[in-house]
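> The residues making up each chain are set out below.
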Amino acid sequence: MRKVGRPARSRRSPVKSVLLHGTLILASLIAIGPIAWVLLSSLKPGYAIQSSELTLFRDTTLANYSYVLTETNFPRWFVNSVVVAAFTMAIGIFLSATTGYAVSRFNFPGRRPLMMVFLITQMFPVAILIVPIYTILARLGLINTMPALIIAYLTIAVPFCAWMLKGYFDSIPTSLDEAAALDGCGPFAIFWRVVLPLARPAVAVTAFYTFLTAWGEVAYASAFIQTDNRFTLAYGLQQFVPQFNPQWEYLTAAAVLVTVPAGLVFFFAQKHLVSGLTAGGTKG
Amino acid sequence: MTTVTADSAPSSTPPGRSAPPSRLRRSWEKHWYAWAMVLPVVIVLAVLIFYPLFRGIWLSFTNLTEANQVAEICTRSITGGEVCTDNPNKWEFVGLDNYLRVLTGEVGEFWQWTGTTLIWTFACVICHFGLGLGLATMLNRPMRLRGLYRVLLVLPWAVPAFVSAFAWKFIFNERFGLANAALAAIGVDPIDMFADRWTALLTAIITNVWLGVPFMMVALLGGMQTIPGELYEAAEIDGASAWQRFRNITLPGLRSVSMTVILLGTIWTFNMFPIIFLVTEGEPAGQSEILVTGAYRAAFEGIRNYSLASTYGVLILSILLVFSVFYRRALRKQGEVW
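Going line by line, the protein sequences match chains A and B. Each residue of the first sequence is one higher than the one before, starting from 966 at the first, in the working numbering. Each residue of the second sequence is one higher than the one before, starting from 901 at the first, in the working numbering.
Chain B on its own, in the form it takes in the complex (with noise of 0.2 Å):
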């Protein structure tokens, strides 16, 4: 409230600008306490999100690393005065070379870590929405235990994500797991589950699915309280089935909630790290890395690879983009406004 209102802007338009400042100004008294409000959080955000984000970029193009990121080389001499000479293999910019190198399989394994993380994504995200949409619907209905079943069924959400990696990684150790003891009670060999490719992206996702569901099923169930019960009634007084109203009412209903939360679910999934990096550990021999994994070993063991590592960043930051881009066009047509 302190912004001094009585002097009138000045009126001289500086050149370039379209707004004249009486605009600004005006703009400035009817806004400035929004703008009090969300600086704090832009101020972190382009400190720490969008500054490191704008330098991965420029890096990408760099072959910067651990070894050359110095641009000279002192060395302490007899007399205790330091001669520093140019680093001779100082770091430079290097065009797309990050790029072709990854795209073209010489470092990494671009194009199967992206087969894994796409088939990890839906998998994981098909069983969280399915799982939590079932489980939802059931909590949904008026019953004895319906405060109970709900705490029990969130539960997985409140334990840290590296928990539950240990927890199931010792749930489906090859010797003393209770996954293999429960294989043998019903007559089946023990697997060593992290010896093949798919039964270990198996365990990650069940894993990742257990984690997940509880955010799904309570988004989901808050969203199914706020259809008002008269459709119900009504659709009920047609004669309309149990599955027709949960077709015709419950589905389109939920559409908003769904839209955004498959969004956010496909997102996180895509850059799920800690599941597969503590879980699979991308056994059996990096066969069961997604990219973000896939790329932090490539980039960080050994000598760390800063280039390396900023163009997987962009390169997952690219296709998460386009896949939001294509999806908000879907929803768009089909006149959803998100």
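Here chain A stands alone, though its shape is the one from the complex (with noise of 0.2 Å):
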């Protein structure tokens, strides 16, 4: 990681030291805080949770995830998510970086529009387009089918992506890709073998955004996929949440094996967070 560009300045006194390191570990706690309660709870029985007195620990079992894992269609729905997340991911990827690219380098007609299309797409609200994407996906027979959400996810994805990877693009100076085209490279090639290589942080980050975004999205889920089978997992743990009595015991074992992929993804990116989405951010 790179250092802060800044020289260590006069030590700071020890209040101020107290003060900085406990408002963080404060925030962390906050952070961290709703996630470790899930996970406590997720170990209870059924009657420990429900109770008004709260313990950290009662009756610790592991018959909540049992349940989950064996009972129900719990691991046909991880990996429909898997699946659908991995596709995403991929060619979220794949179609950010391109584009992300084409709209860094080169000055094409409909390189400002396709911008400003972007940004606008962002403004859909998602509740309402899914009736007539529903339309579409129909006529196109991919209704209840994995490539169904894919394309609607990527929709939503892809425009952030593009945007976040244009930026961190703009950070690469172009003399290298005039380098490379010195040596004979084609535009895909340099784009490939030269560009995208210096862009792995902000590959990261697209990479934990599309997945994230397949992965714990439920408007498009609940609409386009009809039959157990093809759930994911953010519309079917819907099921333990019936209208008047959740089931708080599967609930939370089931939130704590979702979030665990999603954690592991993180795991990885996280690294790069800071320094992927910097030149983002910085070049609108």
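These are calculated hints, taken from the structure and not from any lab test. If you're wondering where the values come from, they're calculated on a predicted model, not measured in any experiment. Please note: incorrect hints may appear among the correct ones.
[Unchecked claim] Which residues of chain B face chain A? A partial, calculated answer using Cβ under 10 Å: (1) H931; (2) A936; (3) L1039; (4) R1050; (5) L1055; (6) F1062; (7) F1076; (8) G1122; (9) Q1125; (10) F1170.
Using N, Cα and C, we set each Cβ at its ideal position, and we do this for glycine too.
Join these two chains into a complex; the hints should help.
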């Protein structure tokens, strides 16, 4: 990781140091608190979760997990989610990278309108787009299939990612492209062999963002998927929340299981997050 | 690299076209790979975003619902053939009716929802930005455990929105939630958070702030690291206090990042569907709905009313477009190019 661009100043006074660390510890606790609480709750039996007497541990058991994993369709949904998220991620990275590169490097007609379009697409309320998109997907025969979800998620994730990658590509000097062009590389080869490898942090952020979009989306998933064995996790989980009697014990266990893969992707992406987003943010 | 360059362009200019084909061709030769690179995205966006958008605008002027969408009613006759007659209640063009009904409050609570949406959006974005900026400033200093703090603070970002919604709903549960237990510990009677409009909205805002601060923090931290360290050194030599350095170096240095993330944050929060939908569920009695969730329920509960949904969609999009135009104009006045 890069060091801060500033020499270490005179040591801060102990009071300030305590304040600084105190605030950050408090903020970290708030950040992980809800996750930790759900994790602890998932280890309790149902009656202990729903009791008004709160304890950290009570009759610790893995029964909720074994119920979710064996008695429900959870494993199936899990696989579906992995497939959808993986494809969204792979295709999303590819599309955002090529688009971001073209917008960053070539001053072609239609470039500025395209950037505006990326912003405008962020303004459409998903809840309202569902029906027209449903109609189109139905006409293409894609309803109740994974590609429907993958395509729909790409429309959410790609504009932002392309815009972010564009900012990062802008920060890579064009002299590298020119040098490669002199060596006889075509535009695609330059992109693939020279620029993309240098943009690894931004690609990592894109991967993280596209994965998360696909992993946690509920609205499209509930509209486009109709049979139980094709649900994704986000929608399958709703099965544990019947109108009047939420099954919190299974819900918490499932929530933990859902968060683990997202956490793994986060773990691999996190050290790139700051540097990857930097350029994307500074250059609008 | 396969475009033919040898044969020269035809010289006759077709009527009604301003650019001669040779220029078009030159443009094509120069830019074809750029276009090829953006083409897939353009196609997907055109089919799945812009076609639905224009269809939606058109639908908002009709009265199409699930009930009247078929043009013909077909009944099976005894002989096995199908007899089709025109549907007498077929959907039709109704002009501005939908807009009038929505804006006068005949259907839904447009003005109340808009008010709630504005409160929700401003509260969330201000908290996101304020907390994000504060935390980023702290994390930007050299100190022990910096990496650990950063990972922990960004963690909420990795949690899918619907999981966080469940987690917070669980925490705010009246009977066994952590929030009321904490209140009880300091001697306050438990509150049913979802029985009052403002406390319900507060829970949703807390959830969304928790969810959204990491993005702001990371973006701002990134912005801070691009500010040259010499500026701070020079300021320090000149005897500037920490606050002065923050005001006169950090904030101006973050201007462009801030403007972008605030605009994006506003748009995202304005349309943030899952949090309100899952955490407050509009309780009590629809009073904590924001525009997107209210519109969703108004249009899709019971008989699906496609034209009404489109009307709301167009209104929401218009509000956001007007906002971004004014936002950009305000920025340009201050000499910002975006």
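> If a hint holds in the structure, say so; if it doesn't, say that too.
Taking the hints in turn, this is what the structure says about them:
no.	hint	verdict
1	H931	holds (4 Å)
2	A936	holds (8 Å)
3	L1039	holds (8 Å)
4	R1050	holds (8 Å)
5	L1055	holds (6 Å)
6	F1062	holds (5 Å)
7	F1076	holds (5 Å)
8	G1122	holds (3 Å)
9	Q1125	holds (6 Å)
10	F1170	holds (8 Å)
Taken one by one, the earlier hints all hold for this structure without exception.
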